[in-house]
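Colleague: Chains as they are written, first to last, in our numbering: chain A, 1 to 50; chain B, 1001 to 1251; chain C, 2001 to 2222.
Derived coverage of chain C by chain B (criterion: at least 3 residues anywhere in the stretch with Cβ under 8 Å from a Cβ of chain B; other residues may be distant):
#: 1; stretch: 2173 to 2186
#: 2; stretch: 2198 to 2209
Every beta carbon over 10 Å from chain A, so not counted as near; a handful from chain B, in silico:
#: 3; residue: V1019
#: 4; residue: I1060
#: 5; residue: V1071
#: 6; residue: N1115
#: 7; residue: R1124
#: 8; residue: I1136
#: 9; residue: S1143
#: 10; residue: D1147
#: 11; residue: I1164
#: 12; residue: E1174
#: 13; residue: W1175
#: 14; residue: F1201
#: 15; residue: I1204
#: 16; residue: R1240
#: 17; residue: A1245
#: 18; residue: S1247
Hints were generated in silico from the structure; no laboratory data involved. In this text the structure is predicted, and so the values were computed from the model without any measurement. Each residue gets a CB set at the ideal place from its N, CA and C atoms; glycine is no exception.
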Amino acid sequence: MTHLGYLLAGWGITLGALGIYAFRLAVRGRSLAVRVPVERRRWMTSEDDS
Amino acid sequence: MTNPPLDLPAHTGSRTTQVLGAAVLVGVATMILLGFFVAPEDDLMADSVRMIFVHVPSAILTYVAFSVTAVGSVMWLWKRSVWWDIVAHSSAEIGVVFCGLTLITGSIWGRPTWNTYWEWGDVRLVTTLILFVMMIGYLAVRSMGGDESAVATRAAVVGVIAAINIPIINRSVEWWADRTLHQQSSITDGKLEDWTLFTMFLGIVVWGVFYTWSMTHRFRIAWLERELRDGDLDEAIAARRAEAAASGGVS
Amino acid sequence: MLRDAWLVAAKDLQIEWRSRVTFSQVVPFAGLVLVLFGFALDANRPVLLQATSGLFWVTIMFVSTLAVQRSTSIETTDGARRALLLAGVEPPAVFVGKSIAVAVQLFAVEIVLLAGVVVLYSADVEAWGLVFATCLVATVGIAAAGTLLGALVAGVRARETVLPILLLPVLAPVLIGATRAFDDALGSVAVDGWSWLGLLAGFGVINVVLGALSYGVLLEET
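So that you can see chain A by itself, here it is in the shape it has in the complex:
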């Protein structure tokens, strides 16, 4: 395939970046959720609806 180097670089960076971002979101979510009491973890279930 012509330009294979460019293709691999482009696709690689793209999928890699999106994958890393997704991973970091998941990790961040996990580390935050353990610190918040259960009943206040989601928008829909909290009492005050500011």
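Keeping the supplied structure of chain A fixed, place chains B and C upon it in accordance with the hints.
Modeller: For chains B and C alone, coordinates are given in the frame of chain A:
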């Protein structure tokens, strides 16, 4: 009347995100299959046309994401909607990722196709770069700390300023460069092959699902951060009250 | 409201006049940038002449961030922002007044820079009307956008580094338009400078309106 005990997990995932996430993975696998083994090479560009499958979806989602941020900014300023404020922030962050990828993939695509990593005469490219810097600025303003409401207002104003000035920036770059290397709307001029077109649209859909997945997680993260911040504030107030009570109730 | 705006502008300019920061620091800075560019490009005279328009306006871009920082800091010390609001001055009036003050200062720097460019770069101005019109119109837009963003970052730590990131992309059309207009006025490029003035004027109007509408929100809530 007490509510049944909640069973919320200690992470930001849910059935919805699992389904969305699975869909993304399947979608990406399909894109690779179609993009590299089914879609034909282009008459002019040879195989570098396959960059279109990651470049165009990234560009489309950039505009979607920043439009959502613009709308969210207006909704905060107009209705003081916390929900919209969180949406605006989350969308901006994800948008910056897509925008960066748009620029990078565009640059990598440009090299074998037009023998240049960057073309100043390309209006869309230049405007996207300026947009990228503006949204970095938006995120910077968000991270400057201070009263939650003030931060939201500042960021919202930046969002509105960006939204209003982008058309002017686009017009000025357009006039500046009469020519553009950028492909004239490859979608409508019929130069794309069947499978290329299909895979590109598939890419847009997959990127859209990824955006939704990310927004869900990012929204929940922002919510949790707020809860923690408010929790700290509540604790501090409670501690102060305890102090006052202990010292005889005289403040 | 116009009277209030005038009062605010006069106040800012008076403070500036007494402290002489524009003249003792900003103008020398602008001149220095010109000289530095001269060092960097002078070995190649034609290049310098060709780049004159761009160098002039890039310098003004940098100077404008300084001017806006100074303008904003007048109010952030000693809680003067609240005082202005309490004094009953309408936020749009404050915005217009401060913008006028910034514009006047920028205009003064531009005059000096013009002299510098004519002397140091041997720039040959063919159309002084276009030059002054460009300076006027561009400066209005720069001052408006700058004052609004200045208020946005006021009272925030690290504002000196954030302001350029916010302001300079917004000012990109001004840089493009004003440089093209100057190219025409200096006779270095065959382009119609006056049509670019239209773009600059549009930019100015939009950002003045935007600023007048948004200034209140920023003043009251941040």
